[in-house]
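As you go down the protein sequences, you meet chains E and G in turn. Position one of the first sequence corresponds to residue 373 (this note's numbering), numbered consecutively onward. Position one of the second sequence corresponds to residue 579 (this note's numbering), numbered consecutively onward.
Fair warning: there could be bad hints in the mix.
Label-pair distances were calculated between CB atoms; the ranges are [as the list claims (entries may be wrong)]:
#1 Ser629/G to Ser418/E: 45 to 55 Å
#2 Ile483/E to Gly594/G: 16 to 26 Å
#3 Gln600/G to Ser441/E: 40 to 50 Å
#4 Asp634/G to Gln453/E: 35 to 45 Å
Hints listed in this document are in silico derivations from the structure and should not be mistaken for laboratory results. Here the structure is a predicted model, which is why all the values come from computation and not from measurement. Glycine included, every Cβ here is placed at the ideal spot set by N, Cα and C.
Take a look at the letters that make up each chain.
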Amino acid sequence: KQEVTQIPAALSVPEGENLVLNCSFTDSAIYNLQWFRQDPGKGLTSLLLIQSSQREQTSGRLNASLDKSSGRSTLYIAASQPGDSATYLCAVSSPGNTPLVFGKGTRLSVIA
Amino acid sequence: NAGVTQTPKFQVLKTGQSMTLQCAQDMNHNSMYWYRQDPGMGLRLIYYSASEGTTDKGEVPNGYNVSRLNKREFSLRLESAAPSQTSVYFCASSESVSLANYGYTFGSGTRLTVV
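Bound-form chain G, shown alone (with noise of 0.2 Å):
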C-alpha cells in the first residue's frame, strides 16, 4: 500500500543511548515532518523539511536531529534519550506545507520508550 512507512514500531532504550527514527513516503511528496504525541498534549512538530536539502525547527526540537536523506526519506535522531524522550512519534508527509491538496499522510508511528 502507498503512504508513510515508519520504523521501528516500538523500541526501548537506556538513558544516554542514540538511536535513529527511519521514514520513508512513495507518494513523491515534497515535504516531510516529525510530530511526537504525549497525553495531554496532542501532536507538537519537532522538525519538518518543506523540500529536499531543506530542515527547519518545529515548536520541540531540542534533543533531536534530523536528515533528508532524498525526497522520500526523512530521518528523526536522538542523540543521547533522555526519559523525557518517551512518547509516540509520528512522520508524515504532503504535497506541500501549507498548500496541500491532499492533505498530510500520516505513518502508523513509532513507540519509544526511554528507561
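Pulled out of the complex, with its shape left as it was, chain E reads as follows (with noise of 0.2 Å):
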C-alpha cells in the first residue's frame, strides 16, 4: 500500500527566504506525482503536475523535482512571500488504477 509522507508539518520562514518542502513515498512504481496548495477554508488548487519520466517541472517561482528511486519529491519555492502562506500538499498516483494517494501536508507560514 503507497504511503506518502511529508516532514515538517509545519515550517515558519521570514519574507524573502527560500525554501524547500520535502515530500517521500514508500513504493517507487508511480505515474506521476502532483503538488497542491490549500488556503485556509478553500479546496485545494493544482500546483505542479510532474509525470513518472520527468525528473522536474517549473512555475514562476515554483520548481518541483521528482526521484522516484529514491521515493522523493521536493518543492523549492524561491523568494517566499507572505502570499505564500498556506498548506502544501503531495499526492502520487500509483499503477493498478488506484486514485490519488495524499501526504497530510506541509503548513507554510512566510513572515513579513
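Using the hints, build the complex out of the two chains.
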C-alpha cells in the first residue's frame, strides 16, 4: 500500500527566504506526482504535476523535482512571500488504477 | 469557470438524518472521486468512479453510498449521519484514475457538521 509522508508538518520562514518542502513515498512505481496548495477553509489548487518520466517541473517561483528511485519529491519556493502562506500537499498516482494518495501536508507561514 | 462544482458549501445535520452531497464537473472527465479531510488525518478516499457506470470503495467507505448519475455527476449520500462524519468533503475529477495527464481537479468542498 502506497504511503506518502511530508516533513515537516509546519514551517515558518521570513519573507524573501528560499525554501524546500519534502515529500516521500514508499512505492517507487508511480505514474505521476502532483503538488497542491490549500488556503485555510478553501479547496485544493493544483500547482505542478510531474510525470514519472520527468525529473522536474517549473512554474514561476515554484520548482518541483522527482527522484523515483529514492521515493522523494521536493517543492522549491524561491523568494518566499506572505501570500505563499498555505498548506502544501503532495499526492502520488500509482499503477493498478488506484486513485491519488495524499500526504498530510506541510503548513507554511511566511512572515513579513 | 470550468471545473468541479459542489453543493451545498455548508450543512449542519442532526444525528440520524440523511443527506446527499452533489458534485458536477464540466471538463468531460471520465473519473470522479470523493475524499474527506479531517485535522491530522489528511485527505482520505471514500469512493471513486473510474468511469460512468462504475464505482469502487476507497479507504473509508463505511456509512456512505455513491451514485454516478452520468458522466458529469457523482453524488455522495449519508444515509444516517453520525458525529464521526463531521468533516470537509471534497469532490475531484480527472481524465483517468492513474494516467491523468493534467492531474486531478478539486471542488471547493462541503463543510458538514453532524450534531
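Evaluation of the provided hints:
{"no.": "1", "hint": "Ser629/G to Ser418/E: 45 to 55 Å", "in the structure": "22 Å, violated"}
{"no.": "2", "hint": "Ile483/E to Gly594/G: 16 to 26 Å", "in the structure": "46 Å, violated"}
{"no.": "3", "hint": "Gln600/G to Ser441/E: 40 to 50 Å", "in the structure": "42 Å, holds"}
{"no.": "4", "hint": "Asp634/G to Gln453/E: 35 to 45 Å", "in the structure": "41 Å, holds"}
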